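Novice: Chains as they are written, first to last, in full-length UniProt numbering: chain R, 1 to 222; chain P, 1 to 222.
Some clues are possibly wrong.
Chain copies aren't distinguished; within one or between two, either way the pair holds.
[As the list claims (entries may be wrong)] Below, simulated DSSO-like cross-link-like pairs (lysine-lysine); rule was C-alpha separation at most 27 Å, straight line:
no., residue 1, residue 2
1, 123, 135
2, 150, 135
3, 150, 4
4, 24, 194
If you are wondering where the hints come from, they were derived from the structure by calculation, not from laboratory data. Treat the numbers as computed from the prediction; the structure is a model and nothing was measured.
2 protein chains.
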Amino acid sequence: MSIKLYGYWRSTASYRVRIALNLKQIDYQYIPVHLVKNGGEQHSDSYASLNPAELVPTFVDDDEDIILNQSLAIIEYLDERFTGTAPLIPAHATERARVRALAQDIACDIQPVGNLRVLNALKTQYNADQKHVAKWAAHWIVQGFNGIEKRLQTQAGKYCFDFDVTIADVCLVPQAYNAKRFGVDMSAFPLISKIVDNCNKLDAFKRALPENQIDCESELCV
Amino acid sequence: MSIKLYGYWRSTASYRVRIALNLKQIDYQYIPVHLVKNGGEQHSDSYASLNPAELVPTFVDDDEDIILNQSLAIIEYLDERFTGTAPLIPAHATERARVRALAQDIACDIQPVGNLRVLNALKTQYNADQKHVAKWAAHWIVQGFNGIEKRLQTQAGKYCFDFDVTIADVCLVPQAYNAKRFGVDMSAFPLISKIVDNCNKLDAFKRALPENQIDCESELCV
């Protein structure tokens with residue numbers, strides 16, 4: 001198999017790429033990288049040689065001899081290389097821009113501020129306990145979702161942008177999963193909740209769920 | 001003038017868009033939004049109606065009736081709409097992906113973790129003082145620059161990708177400016193430093209400097 005994804009079941013950035021690969025109907029090999037065990041397998045020499053940032057995911061396409069990090073760059077690459085299936089970025093310039101901006105609202109302004117390495121730093125540098133770091137993560141999700149819920153009022157249909165699944169939905173669903181994990185009250189976000197429910201009815205989203213991955217460690221795992 | 005940029009002189013995300021507008025040779029009106037005064041002008045009703053995330057920058061193109069947030073989405077929009085000047089994203093799919101990933105290494109993994117709202121939250125929630133928050137910001141810059149410096153060893157020329165200025169350089173220069181502000185020792189990053197110096201020789205980068213903006217408050221301001 002020419003396409004490989006190095007990821008972690010609960011990493012929302014890995015989860016985004018899994019959804020995109022499924023939507024594009026691309027077969028791939030999933031290689032788990034455990035972010036906690038052994039001091040974090042992402043810091044191993046072999047992984048760091050693939051991804052010097054020592055973060056997940058890393059995407060490999062042997063046919064094109066490309067190794068890529070950054071979930072949004074990977075998803076745009078998939079969309080440009082595999083044009084025959086489910087376009088994830090619209091064709092028109094202003095629509096493309098709006099879709100990308102919503103994806104970045106999540107990938108730049110929400111996820112990075114509450115991810116594992118930041119929560120660990122709060123614990124070690126500020127003696128924050130698990131309850132505090134969960135509150136920290138939830139705070140930034142709520143801030144971000146407040147803005148997104150307002151934006152969706154002017155444009156949403158069945159999905160974030162009318163009736164097509166885009167990269168914005170691909171980012172929204174994992175972030176909503178993460179929000180539940182950190183106890184965010186999703187009743188404040190009816191449009192986001194509706195869209196996430198609609199997406200999660202699709203097989204591509206179901207198969208990408210953290211609990212459906214081979215490295216899942218939760219009691220929910222299949 | 002049909003194009004307006006709402007920004008803040010020291011916001012690196014605003015700084016990225018200023019560079020891109022200059023590289024693309026687009027005239028624009030710059031409208032300062034003070035992130036500190038009056039409790040943060042980004043939270044005013046009038047600004048929040050333009051940008052529900054209450055962050056800078058916001059980009060307006062009256063000719064196309066579009067209001068956009070997210071610096072990377074804005075820059076890709078500019079690149080797609082104004083094709084006659086300085087392409088900021090390469091034409092080939094694998095090159096596009098690598099360039100975007102490097103831009104996102106900065107815009108997703110460095111900048112959001114050390115920006116003003118996060119540093120303010122560390123102060124209010126964890127009683128962090130200015131020295132501690134500067135150390136926090138510097139830590140994430142060093143982490144990110146370590147990975148980027150390694151990537152650049154395989155691909156850099158005069159700029160991040162060979163001899164063309166791309167969206168990766170547009171993101172790197174403001175982040176290096178921010179690194180100096182937080183006392184990062186840039187001698188550990190010779191390739192980044194060389195590229196930043198090369199970029200800063202270009203008029204488009206010079207005119208975008210924080211100290212050359214009408215809302216600059218530093219003793220460096222022109």
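Novice: Run every hint past the structure and note whether it holds.
Specialist: These are the hints, each one checked on the structure:
1. 123 to 135: both (13 Å within a copy, 16 Å between copies)
2. 150 to 135: within (23 Å within a copy, 35 Å between copies)
3. 150 to 4: Result: close only across copies, 22 Å inter versus 37 Å intra.
4. 24 to 194: within (23 Å within a copy, 40 Å between copies)
Consistency note: the structure conflicts with none of the earlier hints.
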